[in-house]
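Working from the sequences, and respecting the hints, build out all of it.
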Amino acid sequence: MSLSRLLSGLFDDSEPNTESPATTRSSVEHEESSPTIVHECRNCGTNVSAETTCCPACESDDIVRYSI
Numbered sequence: 001m002s003l004s005r006l007l008s009g010l011f012d013d014s015e016p017n018t019e020s021p022a023t024t025r026s027s028v029e030h031e032e033s034s035p036t037i038v039h040e041c042r043n044c045g046t047n048v049s050a051e052t053t054c055c056p057a058c059e060s061d062d063i064v065r066y067s068i
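First residue of the sequence shown? That's 1 in UniProt numbering, and the numbers climb one at a time after it.
Because the hints were derived from the structure by calculation, they are not lab data.
A quick note: this is a predicted structure, and the numbers were derived from the prediction, not measured.
The C-beta atom is built at its ideal place from N, Cα and C for all residues, glycine as well.
Hints are not guaranteed to be accurate.
Said to hold, decoys possible - Cβ-Cβ distance ranges computed for the label pairs, FRET-style:
1) N43 - S67: 18 to 24 Å
2) L3 - T36: 18 to 24 Å
3) S2 - S49: 50 to 56 Å
4) P35 - D61: 20 to 26 Å
5) D62 - S4: 45 to 51 Å
6) S34 - S2: 44 to 50 Å
7) D62 - L3: 39 to 45 Å
Printed below as a string of structure tokens:
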């Protein structure tokens, strides 16, 4: 089966009411104005508080801060 036939088959069954990037832009802009900050141990993935300097689970000092 050719790639073009496969792709056309995937999109033939798509719903016409699906959200497009244009319809979700306002909600994304709202989220960008107030990001959620997550502090996590890079070694084991444990979520920690902002003040944590050493992971309580694995004792690693590699703590990262993510804005999501």
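Structure-based check of all given hints:
Between N43 and S67 the CB atoms are about 20 Å apart, so this pair conforms to the stated range of 18 to 24 Å. Against the hinted window of 18 to 24 Å, the Cβ-Cβ separation of L3 and T36 comes to about 39 Å, which falls outside the hint. For S2 paired with S49, a C-beta distance near 54 Å keeps the hint of 50 to 56 Å intact. In this structure the supplied range 20 to 26 Å holds for P35 paired with D61, their Cβ-Cβ distance being about 24 Å.
At about 47 Å, the CB distance of D62 to S4 agrees with the hint of 45 to 51 Å. A beta carbon spacing of about 46 Å between S34 and S2 agrees with the range 44 to 50 Å that was offered as a hint. Range check, D62 to L3: Cβ separation about 43 Å, and the 39 to 45 Å hint holds.
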